[in-house]
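Participant: These are the residues of each chain, in order.
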Amino acid sequence: MSNQALLRAIDIDKSYAGVHALKHASFELRAGEVHALIGENGAGKSTLIKIITGAVAQDAGEIQLNETKITNNSPRVAKQLGIAAIYQQPALFAELSIAENIAIGLEQSSALSRVDWRARKQRAADLLTRVGAKIDPDSEAGDLTMPQQQLVEIARALGAKAKVLIMDEPTASLSEEDTQNLFTVIRQLRSEGAGIIYISHRLEELPLIADRVTVLRDGRTIDTREMAKVNREQLIQLMVGRELSAVFPKKTVDIGEVVLELREVGCSASGIQDVNLSVRAGEIVGLAGLVGGGRTELARTIFGLTPADHGEVLLRGKQVTIRSAAQAIESGVAYVPEDRRRHGVILDLAISANITLASLDQFSRMGALDFRREKEVAADYTRKLGIKTPTIFAPVATLSGGNQQKVALSRWLITKPSLLILDEPTQGIDVGAKSEVHALMTELASQGVAILMISSELPEVLGMSDRVAVMHGGTIVRTLDRSEATQEKVLALALGHGVDDSVN
Amino acid sequence: MALMIPSISPMKISRYKRELSAALAYAALLIAVAIIAPSFYSAANLRDLALNNAPVLLVAIGMTMVILVAQIDISVGSLFAITSVAAGALAKSGVPMPLVLIGVVMLGAAMGVINGALIGTLRLPSIIVTLAMLVAWRDALRWTTGGEWVQNLPPNFQWLGLGQSLGQWLIVIASLLVLGFFAWTLRNMAVGRAVYAVGSDAEAARLAGIEPTRVTFFVFVFMGALVGLAALLNAVRFSTVPSNAGIGLELKAIAAVVVGGTAITGGRGTLIGTLIGVALLGTIGTALTFIGINPFWEKAIQGAIILAALASDFVLGRVERMRAAQQVS
Chain A
1 MSNQALLRAI
11 DIDKSYAGVH
21 ALKHASFELR
31 AGEVHALIGE
41 NGAGKSTLIK
51 IITGAVAQDA
61 GEIQLNETKI
71 TNNSPRVAKQ
81 LGIAAIYQQP
91 ALFAELSIAE
101 NIAIGLEQSS
111 ALSRVDWRAR
121 KQRAADLLTR
131 VGAKIDPDSE
141 AGDLTMPQQQ
151 LVEIARALGA
161 KAKVLIMDEP
171 TASLSEEDTQ
181 NLFTVIRQLR
191 SEGAGIIYIS
201 HRLEELPLIA
211 DRVTVLRDGR
221 TIDTREMAKV
231 NREQLIQLMV
241 GRELSAVFPK
251 KTVDIGEVVL
261 ELREVGCSAS
271 GIQDVNLSVR
281 AGEIVGLAGL
291 VGGGRTELAR
301 TIFGLTPADH
311 GEVLLRGKQV
321 TIRSAAQAIE
331 SGVAYVPEDR
341 RRHGVILDLA
351 ISANITLASL
361 DQFSRMGALD
371 FRREKEVAAD
381 YTRKLGIKTP
391 TIFAPVATLS
401 GGNQQKVALS
411 RWLITKPSLL
421 ILDEPTQGID
431 VGAKSEVHAL
441 MTELASQGVA
451 ILMISSELPE
461 VLGMSDRVAV
471 MHGGTIVRTL
481 DRSEATQEKV
491 LALALGHGVD
501 DSVN
Chain B
1001 MALMIPSISP
1011 MKISRYKREL
1021 SAALAYAALL
1031 IAVAIIAPSF
1041 YSAANLRDLA
1051 LNNAPVLLVA
1061 IGMTMVILVA
1071 QIDISVGSLF
1081 AITSVAAGAL
1091 AKSGVPMPLV
1101 LIGVVMLGAA
1111 MGVINGALIG
1121 TLRLPSIIVT
1131 LAMLVAWRDA
1141 LRWTTGGEWV
1151 QNLPPNFQWL
1161 GLGQSLGQWL
1171 IVIASLLVLG
1181 FFAWTLRNMA
1191 VGRAVYAVGS
1201 DAEAARLAGI
1211 EPTRVTFFVF
1221 VFMGALVGLA
1231 ALLNAVRFST
1241 VPSNAGIGLE
1251 LKAIAAVVVG
1261 GTAITGGRGT
1271 LIGTLIGVAL
1281 LGTIGTALTF
1291 IGINPFWEKA
1301 IQGAIILAAL
1311 ASDFVLGRVE
1321 RMRAAQQVS
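Read top to bottom, the protein sequences are chains A and B. Position 72 of the first sequence, counted from 1, bears residue number 72 in my numbering, the numbering being contiguous throughout. Heads up: take any position in the second sequence, counting from 1, add 1000, and you land on my numbering.
There could be a bad hint or two in this list.
Cut-off 35 angstroms, straight-line C-alpha distance, at most; resulting in silico cross-link-like pairs (DSBU-like, lysine-lysine) [unchecked claim]:
id, chain 1, residue 1, chain 2, residue 2
1, A, 434, A, 50
2, A, 384, B, 1092
3, A, 79, A, 251
4, A, 69, A, 134
5, A, 23, A, 50
6, A, 375, B, 1017
7, A, 388, B, 1017
8, A, 229, A, 318
9, A, 163, A, 251
Hint data in this document are derived by calculation from the structure and do not stem from the laboratory.
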């Protein structure tokens, strides 16, 4: 390993519509090293990768390759410079053969030139042999397993003679054996002088493969260490070591009866299993975990979108079988989904129509809408939640993200739910709207609503929750009381580690 | 501000600008005809136009709802042929007219059930399902009738047994009443709200407790029933029922809906717009003849109007998105 920097990201700054994703982040990759990049959800890893591969442009700062600044970066430029990325979900064309998939990344011929099928196949076969994959170049990409597809992507990167190879959670869906094979290939690439950026949540595998590790947190570079000189606990502390600066409007309210109880609940379609959880009236339970840990899947199962096929779901002590959103709403369950812009609101419909959409029965007599009542209630909630709009008849598409989220919340508040599930309620909205949403949650809890809140923001989870349930691998690994929950413990559990006394 | 009319705020006008641009185009056509060829406005001509377009309007009402839920139905021409022939055959076999009416509406609805089950419940792509139905029903009819027209209809069939002077009014008024009923329902009923929600974002609608599969199913059932009604009201004007009726009807209906400002991607549009669309496309041919332009150009001009409607939809959509983006940032 040379000490020469192959790739440098210097003082990178990036904001998306009000979200400050990267704050003067820096990163350095040497030739012949595997450099791990770690951080919580939203720490800025993906944004940094997207800037390096030219998928998005930085607001400030520069990327250097071999001490030369990359100008006008784009996926095409990055590819020509020898930067390749392999994502968690392989991006192959399912209908094309492996040889064709590999060729698409590599052949530089004009659109009208003839295809040399024999050369194409031969090269694919050579590259696949180099990565140790026994795959027929003629097979269709869609027929391959996930690990096989990943190997094809690596072969393609190999063929492009990538000097910088970025791997985003490559082992997330691999078996132990496939992981070992992948490591062998990575070590070989390293010995050939490539620099590899390795993103993973599996801290335990980093010592096996990484030479150095850089930790990102809240868009900043926290530290770069030699892998041999840090242990897991230190890494976790670097990842979370955030001051709980924000003040959360958490009030202690009387906790009432159990509203939701899950006993050994599982759903094979969405991969959740053996979930035990209870949420009481007036209680806010935070559901923490990494993306892919099963949090949204659990919420969707409770709401009947992917009904449970194992275990028992009890609402206010009575066993229920919820098989549709309509049934869930009838049973007093409300769900504000994560992907607000796509599914939380209907962009074409007016604010008033969005607010009443989940409770049209309340707003109609014999099926005919009561526009006056709709207008009154919509105006009332627009005022109460501070939705900023010139008129309640404007399509929701014209609102800002925070105001859209308030419309989504209003829709569910008027259903008078006894259980409110919030999926990333403050993701992507500005600070002011955030604290308004938090205040609203506190208010609802004091009215006796049971709240289950999914959040990737640890301070939010710790600041708002009475208890924190941590998910990993499709199940709740542990539920912590407010007093015993710390960022380190929650993150360690979310990463799939046990909590012992060395982590406090 | 004292003169402000409360019911027409600027917001409302901007929400109906698609309908408005079609209405302006139609008004321009009517004015041009009034200046160049005032004889266009003879009672007989207007009556013929109304009668010719009433069945198209009925089909376009159903098509509007189908497009609002982001689907398409190109099988309506074949459904129209089957229900037309069925109406003639029922009347000929001595069934009283009120029962003929119920019979063909039910028959249309039954064929709509098949479309609705395949598209709504099984979620097959509507363009393929209705293409298959277009071919299958047409050939089934040809096979059954051997291409023969229904002739020797009983006297109570023509003009619903009311005579032309009364019958023709009944046809036009019935069509407008149906239009009014569905327009009111789409705007004022919870189910109408559901239609718009499903067409805008079916998954979001599902999360709000609406069942998109059911909404889509019933929209296709109503589509079929409306085709049945249209077929009957069309057939009673003639002394025979041709077994090749309704060819190209799907294109007329879809064109009218699009020209009337309904977004082909679903979720946006009104039946008032569709009424204007039917009127505009249904009038233009005759109007051209009166102005003295070769009717040869009719189809080309209709095509140009459809493209213009799509282009304005695209441009308006972009402007709205840009405004929305400005608001967000």
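Participant: Take the hints in turn and mark each one as holding or not.
Facilitator: Structure-based check of all given hints:
1. 434(A) to 50(A): 27 angstroms, holds
2. 384(A) to 1092(B): Judged against 35 angstroms, a Cα distance of about 66 angstroms means the pair is violated.
3. 79(A) to 251(A): Given pair residue 79(A), residue 251(A) is violated - Cα atoms ~53 angstroms apart, limit 35 angstroms.
4. 69(A) to 134(A): Violated, at roughly 39 angstroms.
5. 23(A) to 50(A): At roughly 15 angstroms apart (the allowed maximum being 35 angstroms), residue 50(A) and residue 23(A) satisfy the hint.
6. 375(A) to 1017(B): 23 angstroms, holds
7. 388(A) to 1017(B): Measuring from Cα to Cα gives roughly 24 angstroms; hence the hint holds.
8. 229(A) to 318(A): 54 angstroms, violated
9. 163(A) to 251(A): With a Cα-Cα distance of about 54 angstroms, the restraint between residue 163(A) and residue 251(A) is violated, given a limit of 35 angstroms.
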